[in-house]
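Knowing the structure of chain A, use the given hints to seat chain B on it.
Residue numbers (full-length UniProt numbering), protein chains in the order written: chain A, 1 to 462; chain B, 1 to 435.
Think of the hints as simulated: they come from the structure by calculation, not from any bench. Ideal Cβ positions, reconstructed from N, Cα and C, are used throughout, including at glycine.
No farther apart than 30 Å at their CA atoms in a straight line, the calculated lysine-lysine pairs in the BS3-like style are these: (1) A/K49 / B/K379; (2) B/K54 / A/K333; (3) B/K283 / B/K98; (4) A/K318 / B/K332; (5) B/K54 / A/K65.
Residues from chain B that keep clear of chain A, each with C-beta distances beyond 12 Å, as calculated: (6) V182; (7) A249; (8) E252; (9) T275; (10) D280; (11) P311; (12) H317; (13) R338; (14) Q375; (15) K379; (16) V412; (17) I414.
Where chain B lies over chain A, by a calculated footprint (3+ residues, C-beta under 8 Å): (18) 13-23; (19) 26-37; (20) 71-79.
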Amino acid sequence: MSVQQAIREVEALLGKERVLTTVEDLACYSFDGTADAPSQRPDAVIMPKSTEEVQAIMKIASKYKTPVYPRGAGTNLSGGTIPLKGGLVVTFQMMNKILEVDSENLTATVQPGVIIASLNTAVAPYGLIYPPDPGTVSTATMAGSTAECSGGLRGLKYGVTKHYIMGMEVVLANGEKFRAGGKTVKNVTAYDLVKLFTGSEGTLGIITELIVKLIPAPEAKKSMLAIFSDLDDAGKTIAGIIAAKVIPATLEIMDKTTIETVEAFAKAGLPTDAEAVLLIEVDGIPEVVEKEAQAVVEVCKRFNGKVQVARDDAEREKLWAARRAALPALARKSPTTVLEDATVPRSRIPEMLRAIRAIAKKYDLLIGTFGHAGDGNLHPTILCDEHNQEQMKRVHKAVDEIFRVAVDMGGTLSGEHGIGMAKMKYLEWELGATGVDVLRRIKEALDPDYLLNPGKMVAGRS
Amino acid sequence: MADLKTLEQARELINQCMKCGNCQAVCPLYAETMHEGAVARGKIRLAVDVLEGKLQPSHAVLDKFALCLTCKACEANCPCGVHCVDIILQARAQLAEKVGLPFIKQTIFRGLKLRRLFNLGLKVGANFQAVALKSRREGKGRTMRFPVMGMDMRRVIPDLATTHSRDMFDEYNPAHSGKGKVRAAFFTGCVNNLIYNDTCKAIVEVLRANDVDVIVPKEQHCCGAPVFINGDRNIGRDMARHNLEVFTAADEKYNLDYVFMACGTCVCSFAEHYTHLLHDEPKYLAMAEKLAKKTTDVNPLVIKVGGLQKPLGKVEHVVTYHDSCHLARSMKVTAEPREIMKAIPGIRFVEMKDAARCCGGAGSFSLTHYDLSKQITTKKAENIRSTGATLATTGCPGCRMTIEDGLAQSNVKIDTVHPVALLYESYKNSGVIKG
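Bound conformation, chain A alone (with noise of 0.2 Å):
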């Protein structure tokens, strides 16, 4: 068989320690962190320590046309990772060293298996934070939050991945390596082939090194939670905030499910009679900081919202934890947790939490949401059981009726976890069939025997 040759070829040049060909080994490959998605052994997983070590087993592969997945932690929500179609899987944890920190230039050079938080602890001591941070800061790698281009809980100040790589290291599927962007602030030459790699999913190339921005660290924070029993006054809130030139760091809701299993799983102190609460935190200079503090609480209390301010550090962690409690706390409730990331104009934030309820309705299904309301990220959270085929049946037509929603607010289909292998059906409602052509001809132009991370995001010719 050509993909045990090429892991033969691979093993040769690399050792066997580094290529794992058991299947108890594979097995632990097989799956990420998406809810209800296929899993896959993959034919082997192979641990590269070098550019050039990834560009030999990319012609390897080339040779025997043997599929390629390239492996962060492996915590992405889109199946981005499952090795759907066999072949190898590349895991980047021996590339872990973060090769420099320029504080000049405000400015990190990494190589692709570096941990975000790793990242944050190295720059800390000269004052400044690398700022995207998803759910999975501690564990999650620089390249593999750059191809899924992840978000966070800071986006609507801060933005998500894509606003902080600024160059890139990149092996295509032919084995040849080029490197695009810099350390310059300022840099228009030709095509944004960053910007093109970055959020690619590991479907055109594979990251090797990455340059990233960093930002001088907010020196004050605060932080307030109000409480709405009205949704339309939480709507207004959000709007209202911004109206009054406040770009909070983090703006986040909790619908009434989610505020319901956070108080009977962790007793965060949630008045389970409100129909949402916002928890919102500013960031910067501490004068600055006062000030929009003040201005958010005049708002929610102007929209009939219970303001709590965090005093110092302890109560902050508190208004937090309830946040942090939200997804685990749904989670716990069912064995499956479909996790969405439909995404809205932030103004339509109350119509679309109206809509995933009456959702909900039609199909019979408990679905808690929560996000980040001030980007209009929303991440409606199903709660199901996958060994229920009947309820799965329920499940996905909720979700198809959920993006067909946000599309036609016009949303997006992914607000921070990308494509991967679910969300591929509905690419042309976003983009019509010329737009997912496109698509298809950039990933034929770089990859045409779709060997890497085949069966995500730009389906086959078939």
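Okay, now just chain B, sitting in the frame of chain A:
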């Protein structure tokens, strides 16, 4: 799968895992191997595949489940509170029943089961250890002249005590005052019995100085954790029954207030595991539940009986403390040992980095996976060294043994003791105990 009925019962625990991968951040074995199969999330997938018939039970699968320190760091970091270690232990037991443990483990565990032979063998061993083990030129401990029981030749093993701890005491050791207010039975555990008689002596004397009558039941045996943690439930249950009978008899005779241990793993056996192991035998379950309520680690016990209210003499040392996984995460004992040491005049207490990270010992894990274990221990040794401490303390003799090996391998000359041994020194220096 009918024969995997009990793993099936773990299904509910398995379902709670949302595969987020947070366990990767704290798993010492993942940090070393960087393999998904080393971390809880990977093992939970293996359990699912075994349950669903996608993986046939085999020694290879059992080997994967053996790759766990049971340090519970994953559980402490799990947003969903999944009991990962319970799932892993369940899988080990199930697979061991199905395919059998490797020959070497079977042989050792059968040997452990025979209490008298086991003790006699080690007593003979203590007197003849020079034959098999050569003293190291520098420092304490020995290395092996030839491989014994699959141990790694490089390993530095502490000297076996020629007098076993339990032989140093009577069954009934009255409070020094003659007016005992509290009665507590000491389950020494193997390592304290066979190696660290200094710890046992200090503990018994400190308690006796605090109006505690200390009972040392003579017939006690290994708690069984090394056996049932590796998946041999049958021998584990035998050992549990034996210890429950011995301590229930002591309870009936002396009306015990406490059963105490100075070992993170032994204390968990009595406090947690025995009730699970014998849940289907009402007679023993009742004994286990009764004794579990009385079970405590010695550090909180010493504080509870007023051990820090006595006049405390000066002990000049810079001291750091390693949290045993089982003591810290299962028994939640972290504050008390520190409180004891900080109370002693002359001691400067310095926290080490990652104090609650596993030392790499994990009982027999260090025998079966010495290289991996050593990598983890080396980090612990470095964290100890960089505190500048003159003494390293820990509440668990298993950790102590591992740390001594790690310090020796890294050429760091720092002694190790149990925290209560420092209190004993302090008592001697203040005259509470006549030294």
